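From first to last, the protein sequence lines stand for chains A and B.
Residues in the first sequence are numbered consecutively from 1, following the numbering used here.
Residues in the second sequence are numbered consecutively from 1, following the numbering used here.
What the hints contain is simulated information worked out from the structure, not anything from laboratory work.
This one's a predicted model, so the numbers in the text were calculated from it and none came from an experiment.
Warning: the hint list may mix true and false statements.
The list treats identical chains as interchangeable, and a pair is accepted whether it falls inside one copy or across any two copies.
Derived DMTMM-like pairs (lysine to aspartate or glutamate); straight-line CA-CA distance at most 25 Å [said to hold, decoys possible]:
#, residue 1, residue 2
1, Lys59, Glu79
2, Lys85, Asp138
3, Lys115, Asp129
4, Lys59, Glu84
There are 2 protein chains.
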Amino acid sequence: MSLADWDRDNCSVARALELIGDRHTVLVLREAFVGERRFDRIQRHTGVARNILSDRLNKLVAHGILARRPYQERPVRHEYVLTEKGLDLYPVLVSLMQWGTRHGGGEAPIVLQHKGCGALVEPRLACPDCGEAVGARDMRALPGPDAVLKQTA
Amino acid sequence: MSLADWDRDNCSVARALELIGDRHTVLVLREAFVGERRFDRIQRHTGVARNILSDRLNKLVAHGILARRPYQERPVRHEYVLTEKGLDLYPVLVSLMQWGTRHGGGEAPIVLQHKGCGALVEPRLACPDCGEAVGARDMRALPGPDAVLKQTA
DNA sequence: CGGGTGCGTTGCAAAATGCAACCTATGCCT
DNA sequence: AGGCATAGGTTGCATTTTGCAACGCACCCG
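Taking the hints into account, I'd like the entire structure generated from these sequences.
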């Protein structure tokens with residue numbers, strides 16, 4: 001398998017994890033996707049310590065995943081909303097949720113509805129070419145255009 | 001928004017994060033999906049400290065995400081392979097990878113091929129009902145059958 | 001015997017985290 | 001004005017989690 005020796009330094013998964021690779025950050029994102037925008041409510045719902053939450057919100061804003069915008073003056077109060085970059089994390093959160101539901105005890109506290117067709121569904125990964133649903137076994141990973149093979153391979 | 005006050009204790013995302021909610025664990029899973037099975041190779045590729053790696057592998061095995069099986073006797077050597085439960089994490093990893101590629105610098109070290117149709121593709125979340133690709137804006141979250149609304153709502 | 005490989009475990013220092021208290025600025029009630 | 005409440009943090013300190021390097025063990029090869 002040639003893949004075994006591509007250069008991990010250039011890994012998209014690792015890059016993503018640098019920004020959202022800790023439990024607290026993901027919980028914050030969960031709240032963002034559910035529509036919570038205020039510090040206090042997010043804090044209560046996630047149970048994350050206030051100092052940590054403050055830190056994570058700042059980092060998410062710094063990385064352009066959330067945007068801080070004032071919703072009132074005097075005193076200035078901010079709310080945190082998902083940017084496009086943040087909204088693109090939706091598949092990650094949804095996949096995580098579905099996996100947690102399927103393998104973590106079977107409870108489904110939330111269901112999703114497709115606005116387009118109105119159906120209550122579990123979105124799945126599908127091949128955009130043929131439309132078939134795909135899982136780990138249906139796919140093959142190949143070195144991409146930007147892969148760097150190691151000398152020590 | 002009724003969703004704002006469902007009980008977070010029963011959250012699938014949180015449950016999933018308890019098992020795979022740290023950077024190292026996810027990196028280990030990346031290796032698993034790429035086909036690495038041995039302690040040493042995983043350690044070199046992830047850069048995770050050996051004691052941490054040992055701990056994470058044990059936890060993943062304990063949770064049924066990886067299975068440890070001997071690939072030789074004398075001395076007994078084990079390899080770590082994904083179980084069904086582990087394979088189900090594929091969408092999470094793929095989503096993470098795609099997001100990292102799109103927003104983390106644009107490099108695509110790995111590309112995916114659908115074995116079924118042969119196309120090089122980026123699998124996307126789709127509505128299993130109508131087949132349309134879906135993003136955050138196309139979906140609505142509703143309290144599910146097992147949602148517990150808070151008294152303090 | 002000496003060296004190398006595979007797979008960990010142990011000890012200790014450094015970093016991240018949790019908790020509770022504190023602070024600022026404002027509004028609201030009396 | 002005084003007292004209380006709300007929103008959004010910051011600060012200090014104890015606890016937990018990591019990282020690093022060294023060590024251990026079991027085996028194989030020459």
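Checklist entry - Under a CA distance limit of 25 Å, which applies to Lys85 and Asp138: within one copy, between copies, both, or neither? => result between (28 Å within a copy, 16 Å between copies)
Item to check | Intra- versus inter-copy proximity for Glu79 and Lys59 (alpha-carbon distance at most 25 Å) | outcome: Within one copy only: 15 Å inside, 37 Å across.
Item to check | Homo-oligomer pair classification [Asp129, Lys115; C-alpha up to 25 Å] | outcome: both (23 Å within a copy, 12 Å between copies)
Checklist entry - How do Lys59 and Glu84 come out at 25 Å by Cα distance, when the copy is not named: within, between, both, or neither? => result Answer is within: at 16 Å inside a copy they meet the 25 Å cutoff, but 35 Å across does not.
Consistency with the previously given hints is maintained throughout, with no hint failing.
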